[in-house]
Amino acid sequence: MLWIAVGFGGYLLLPWYVADGGFWSLEWLFGGAPLTADYASGLFQGLLHDRPWLLPVGVLLVAPIAVVGRPKADPVFGAALITIGAAGLAYVVGQGFTIGISGWEFPLLEPLLGPTDLRQDGMGYGALLAAAAFLFMVTLGFAARGAIKGDVFVVGSIGLIMALVAVFVFFPVFRILISAVQDNDGSYSFNLFLSKLFDDKIWGVACLTANLRCGVAWNSLLLAILTGISSTLLGLAFALIATRTNFRAKRLLRVLTMLPIITPPFVIGLAVILLFGRAGLVSQSLWDLFGIAPTRWVFGLPGIWFAQTLAFTPIAFLVLIGIVEGVSPAMEEASQTLRATSWQTFSTVSLPLMRPGLANAFLLGFIESLADFGNPLVLGGNFDVLSTEIFFAIVGAQNDQGRAAVLAIVLLAFTLSAFIAQRLWLGRKSYVTVTGKADSGMPVMIPARVKAIVFGTALPWAALTVVVYIIILFGGFVELLGRNNTFTLRHYIDTFGITRGDFGLVFSGLAWNSFFTTISIAAIAAPLTASIGLLTAYILVRQRFVGRNAFEFGTMLSFAIPGTVIGVSYILAFNVPPIEITGTGVILVLSFMFRNMPVGVRAGIASMSQLDASLDEASLTLGANSFTTVRKVILPLLRPAILAALVFSFVRAMTAISAVIFLVSANYDMATSFIIGRVENGDFGQAIAYSSVLILVMMVAILLLQLLVGERRLRRRAGTAAPVPTASTGLAA
Amino acid sequence: MTMNANSAAVRFEGVTKAFGAVVAVDEVSFTVEAGSLVTLLGPSGCGKTTTLRMIAGLEMVTAGRILIGDQDVTSLPATDRDVSMVFQSYALFPHMNVIENVSYGLVVSGMAKPVARERAEEGLTQVGLAGYGNRLPSELSGGQQQRVAVARALVLEPQVLLFDEPLSNLDAKLRRRVREDIRELQQNLHMTSVYVTHDQEEALAVSDRVIVMRNAEIAQEGTPHDLYEWPLDVFVADFVGDANVIRCEITRIDGLEATVRLGGTERRLPHRDLPVGEANLAIRPEAIRLNTEPSATAIAGSVRKAVYLGSHIEYAVDTDIGELFVSDSRDGQAITAGSSVSVTLAERGVVLVRP
Chain A
218 MLWIAVGFGG YLLLPWYVAD GGFWSLEWLF GGAPLTADYA SGLFQGLLHD
268 RPWLLPVGVL LVAPIAVVGR PKADPVFGAA LITIGAAGLA YVVGQGFTIG
318 ISGWEFPLLE PLLGPTDLRQ DGMGYGALLA AAAFLFMVTL GFAARGAIKG
368 DVFVVGSIGL IMALVAVFVF FPVFRILISA VQDNDGSYSF NLFLSKLFDD
418 KIWGVACLTA NLRCGVAWNS LLLAILTGIS STLLGLAFAL IATRTNFRAK
468 RLLRVLTMLP IITPPFVIGL AVILLFGRAG LVSQSLWDLF GIAPTRWVFG
518 LPGIWFAQTL AFTPIAFLVL IGIVEGVSPA MEEASQTLRA TSWQTFSTVS
568 LPLMRPGLAN AFLLGFIESL ADFGNPLVLG GNFDVLSTEI FFAIVGAQND
618 QGRAAVLAIV LLAFTLSAFI AQRLWLGRKS YVTVTGKADS GMPVMIPARV
668 KAIVFGTALP WAALTVVVYI IILFGGFVEL LGRNNTFTLR HYIDTFGITR
718 GDFGLVFSGL AWNSFFTTIS IAAIAAPLTA SIGLLTAYIL VRQRFVGRNA
768 FEFGTMLSFA IPGTVIGVSY ILAFNVPPIE ITGTGVILVL SFMFRNMPVG
818 VRAGIASMSQ LDASLDEASL TLGANSFTTV RKVILPLLRP AILAALVFSF
868 VRAMTAISAV IFLVSANYDM ATSFIIGRVE NGDFGQAIAY SSVLILVMMV
918 AILLLQLLVG ERRLRRRAGT AAPVPTASTG LAA
Chain B
490 MTMNANSAAV RFEGVTKAFG AVVAVDEVSF TVEAGSLVTL LGPSGCGKTT
540 TLRMIAGLEM VTAGRILIGD QDVTSLPATD RDVSMVFQSY ALFPHMNVIE
590 NVSYGLVVSG MAKPVARERA EEGLTQVGLA GYGNRLPSEL SGGQQQRVAV
640 ARALVLEPQV LLFDEPLSNL DAKLRRRVRE DIRELQQNLH MTSVYVTHDQ
690 EEALAVSDRV IVMRNAEIAQ EGTPHDLYEW PLDVFVADFV GDANVIRCEI
740 TRIDGLEATV RLGGTERRLP HRDLPVGEAN LAIRPEAIRL NTEPSATAIA
790 GSVRKAVYLG SHIEYAVDTD IGELFVSDSR DGQAITAGSS VSVTLAERGV
840 VLVRP
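Going down the list, the protein sequences come from chains A and B. Our numbering numbers the first residue of the first sequence as 218 and each following residue consecutively. Our numbering numbers the first residue of the second sequence as 490 and each following residue consecutively.
Rather than coming from a laboratory, the hints here were simulated on the basis of the structure. Careful, some of the hints might be misleading.
What follows is a list of derived Cβ distance ranges for each label pair [as the list claims (entries may be wrong)]: (1) B:Q676 / A:D291: 35 to 45 Å; (2) A:L555 / B:S829: 24 to 34 Å; (3) B:N623 / A:L920: 29 to 39 Å.
List time: in silico SDA-like cross-link candidates among lysine to any residue, alpha-carbon distance up to 25 Å [unchecked claim]: (4) B:K602 / A:T845; (5) A:K849 / A:S826; (6) A:K849 / B:P603; (7) A:K849 / B:S627; (8) A:K849 / A:L922; (9) A:K849 / B:A510; (10) A:K668 / A:L570; (11) A:K849 / B:M600; (12) A:K668 / A:V683; (13) A:K849 / B:S800.
These numbers come from a predicted model, not from an experiment. Ideal placement from N, C-alpha and C gives every residue a C-beta, glycine not left out.
Given the sequences, and given the hints that come with them, work out the whole structure.
Now the structure itself:
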């Protein structure tokens, strides 16, 4: 009954509403909590500050004491907890939505209950704890009734994750749908919605017949398809080189393809401008050498496509290398013993086996391209796509939230269909032939003509990537690349200067503020993201329960929601009570958590399905509860997955731009949005300098994490081969 | 450790387990006496492992009750049951050394670490692995890993000890020794044990009683002797040991005995509640004698195949009553294929069974 105490404690002592100083501010400790109006707890808000609707919360919080003495198996115990908890949750949520910052939230209530001067702010610690207490009452009740073998920890985790996903994924998306059918005054108009939805600016096809612009939806689709195809083909070429040729510098290739992952997406676009823009290095050289006049071709579809292909090929590579390695050499050897030539083997056996993987890589590239915000922003020119249009609809002179919402819905529809297609169609159709037994045989080398094609495309591309990174590294050290190539440290001093002031060292560089914010936000978000992702993976892999598929879908869904859509939806959903967190660091952390959670889930699922389930069962039958089991058995065996999840969420939090640009505030500016600001000012030098520092920091962070997480394992396993924790353990020795 | 004071009986009362539409265990009832070893035997998919996992609390029953001792544990999760289990894969935690593995259960139930270690050392001594505490599971042989798994389960002195096909990952020679070790340990500690296997010889060797399962139900329950000598039906006769199932005719029943006509011969056998008319006779391969000299009172046949196996010779014999599988362990020269033989049946190993 810990949760009654926690819930009531929160209700009694902690401020019910969020304090003006922000969520993290501890001002209330000295500011008169729990009595004064600003910091009063739920109980005293109800008693002293004229908010009587908060009083029933307390009654519901203590109600379960009535059943405390009863045994767990008593059906009344479970039923009572479920009822009280659900009622409490519904009441807290209901009152939060009914009474807003300026009275009734629903115009319908006004005539019914009369005008009101009731008002309340966003929920704070007290409300949070009370809601958590109600939630865990419900899950405790379900566990007592025998759900998931009566496992309190697992039922509680499922409840917690469902609640979080509902609040931070489904609720914001729902808010978008609502505001799409509202006009800017807040009244509902379905016709307006339709006219916005089928606007020519979105769906127009004028570019086919006349020299006019097409709708942004078509632009986005075209770009996404092109990027999907090109990144898949290049990714396949790299994957084939890495696994099926005796190419010497394979490791270098891997590093090269990993690099873009730690690169903020728009930095590639920036480098492309510096190379191929009108004043770009390459364009200028061509003018000097051959008299080819520089053009603006790079601003628009070709440039974005080019930059996105550079950025997303590594993702395709990572998907495809698993697929190419997964094609069992035995199949290819069988084909060869049946007298097929190496070309026949490749085209009739290997390639068809990779088909689902290719489709998967394409869909990923497609989704990433649609969601990409940085490159179109930097390189867009007159070529508008959905993600940037959403941004301009909110930020630009129009400030049309309805239009942004409609555009977001269109974008969401595209990515969601791709996501659902991927899950329904490809989920069942996998030819991966890895059986878990050691596969004998060597992978067959690819035939000569394929090899020629593969090297012919991949190597120039790799060279180009190298050039791009050289630009990023050195661009910061010259005045203005292409125009004035004299060496300078000016950009680094401007951004990261430290001067000696009156009180010791002063971080006088422009970038320090956003730099520290970014590091701390990413460092807070990474472990949270990894924990919720791995916890979800544990539940998905190890537990069977009703609604498991829906649970899985819900947790993976946020992968398909483009960052811009998340940004818009978070603004719409969390700008007003009951949850009022825009402009704080919390909203940034939350957006990273739920945006990157699917990757933690994936990493967790992949490595957890390799752990024999009897390991957990052994721990359970030895008397450990499932929390202890997770802590002592599963987590230590999952170190690689933990590392992957941590690194990924950290890196994504550092490099993300699309959602961030909506959510940053003066107090919490992030590195990426700062850089974009520099780019818009034309300060390419500073932007590039800052970017290369970011990339360096991420590399260091990855190495550090690797040392931290890997250290114990190394000591333990010293000298012995890592045991394979599967059913074959017994046979291995 | 001597007599285990914790040992308790296990009782199933009409237990059913369904996975969706598939019924894995269908209204099964049985009792495992305290201190005895009972084996669940059956082909794969018969529900024996599900039954075992329900005792452990790793599966929850769909209907019915499970009692351990006097306590109804039906809705208790695995953690809260005083039961431990030896897994088929052993499930040793690969990141902990042997002593950490064995003391794991004690530590997580709140015992102080030094005490737990001491107890774990005792447990390791009991299974003959004293001094192996600092090794990792991956540094042990299969048989040693198996014994660590047993020690880990034993040190908790559970009410019931469960074995899920514990020998299936060992080679044939080792299997025989380890099963004797397990049986000895179980008898010394007087530990209530439930053992799952699909190997009938293993079941006969280790058990006080055997429960034969088929299609989610109990086919027959009894001592190893009962099951082998008096199988109830064709399935049990064939699954526990080998059997030739031959059609025969019951011509008369008087008292407990039935007169059975088989080929040209007649013999008297316990009727086992079967009515007059067509019936099935289960004949053990070693209950059939072959003789090269013709005899008027025997069934005539001819040897189709003879396989020399060292300790005995196996024959396939064509007769009027059908093809017979014969195992002959007497000394002497093998009868060559193609020879005519006369077939007689021994006193033991011939029994009427239900279809």
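A quick look at each hint next to the structure:
no.: 1; hint: B:Q676 / A:D291: 35 to 45 Å; in the structure: holds (41 Å)
no.: 2; hint: A:L555 / B:S829: 24 to 34 Å; in the structure: violated (50 Å)
no.: 3; hint: B:N623 / A:L920: 29 to 39 Å; in the structure: holds (32 Å)
no.: 4; hint: B:K602 / A:T845; in the structure: holds (16 Å)
no.: 5; hint: A:K849 / A:S826; in the structure: holds (17 Å)
no.: 6; hint: A:K849 / B:P603; in the structure: holds (18 Å)
no.: 7; hint: A:K849 / B:S627; in the structure: holds (18 Å)
no.: 8; hint: A:K849 / A:L922; in the structure: holds (21 Å)
no.: 9; hint: A:K849 / B:A510; in the structure: violated (36 Å)
no.: 10; hint: A:K668 / A:L570; in the structure: holds (18 Å)
no.: 11; hint: A:K849 / B:M600; in the structure: holds (16 Å)
no.: 12; hint: A:K668 / A:V683; in the structure: holds (22 Å)
no.: 13; hint: A:K849 / B:S800; in the structure: violated (51 Å)
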